[in-house]
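What follows is the residue order along each chain.
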Amino acid sequence: DVKVTQSSRYLVKRTGEKVFLECVQDMDHENMFWYRQDPGLGLRLIYFSYDVKMKEKGDIPEGYSVSREKKERFSLILESASTNQTSMYLCASSFADRGHEQYFGPGTRLTVT
Amino acid sequence: AQSVSQHNHHVILSEAASLELGCNYSYGGTVNLFWYVQYPGQHLQLLLKYFSGDPLVKGIKGFEAEFIKSKFSFNLRKPSVQWSDTAEYFCAANTGFQKLVFGTGTRLLVSP
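Quick note, the sequences are listed as chains A and G, same order. Going by our numbering, the first residue of the first sequence is number 1, and it counts up by one from there. Going by our numbering, the first residue of the second sequence is number 1, and it counts up by one from there.
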């Protein structure tokens with residue numbers, strides 16, 4: 001079974017804090033993704049990575065950065081958390097070939113107060 | 001920019017009713033299409049996918065979807081829903097490289 005795990009299910013942080021969300025996949029997938037999920041807006045892509053140390057901006061990268069030092073691990077960083085970053089964050093991974101399905105982690109519900 | 005539209009945001013059905021959830025995409029080239037489901041408290045999982053070939057695709061739990069290229073549509077169907085189908089359903093399209101574009105989702109509530 002493909003497994004995508006995320007470091008926390010729930011996280012509460014204060015405005016201005018630096019926040020790290022980590023994601024690990026065990027299927028040797030080339031691609032990894034970070035989304036945020038908000039009611040009525042669906043899933044929006046923040047960043048994705050197609051190889052170690054490679055990254056590309058998604059649709060809403062502002063206020064976020066990412067790091068991929070190892071193939072199985074993809075981190076999302078909120079440099080200075082703000083209340084409008086309160087959301088559910090989903091990590092996903094997939095093989096490189098076009099059209100392969102993405103496998104999702106359980107999500108991290110982040111609340112910024 | 002490519003987009004995926006799901007016109008039904010909330011759907012309420014009784015058990016045994018038939019289900020059809022609409023999905024339209026805006027892209028003229030080759031497209032791969034997916035339906036994902038998120039049950040309450042669970043992670044997103046793949047329901048079915050279309051790459052090529054037979055436009056009628058069958059997925060898990062009795063779901064199916066039909067790709068109609070002329071209508072840019074990929075509607076999800078199930079002949080008879082169950083209470084356990086209560087979930088949020090997302091349509092998604094892959095139009096290039098590896099990015100998926102998701103619709104805004106449809107919340108389905110099935111009353112027993």
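Treat the hints as calculated values from the structure; they're not laboratory data. Do not take every clue at face value.
Simulated pairs of lysine-lysine, DSS-like, Cα-Cα distance not exceeding 25 Å [unchecked claim]:
| # | chain 1 | residue 1 | chain 2 | residue 2 |
| --- | --- | --- | --- | --- |
| 1 | A | LYS55 | A | LYS3 |
| 2 | A | LYS3 | G | LYS69 |
| 3 | A | LYS3 | G | LYS71 |
| 4 | G | LYS58 | G | LYS69 |
| 5 | G | LYS58 | A | LYS71 |
| 6 | G | LYS99 | A | LYS57 |
Remember, predicted model here, so these are calculated numbers, not experimental data.
Evaluation of the provided hints:
1. LYS55/A - LYS3/A: holds (22 Å)
2. LYS3/A - LYS69/G: Given pair LYS3/A, LYS69/G is violated - Cα atoms ~34 Å apart, limit 25 Å.
3. LYS3/A - LYS71/G: Violated, at about 36 Å.
4. LYS58/G - LYS69/G: Given pair LYS58/G, LYS69/G holds - Cα atoms ~17 Å apart, limit 25 Å.
5. LYS58/G - LYS71/A: violated (33 Å)
6. LYS99/G - LYS57/A: Roughly 11 Å separates the two Cα atoms, so the pair holds.
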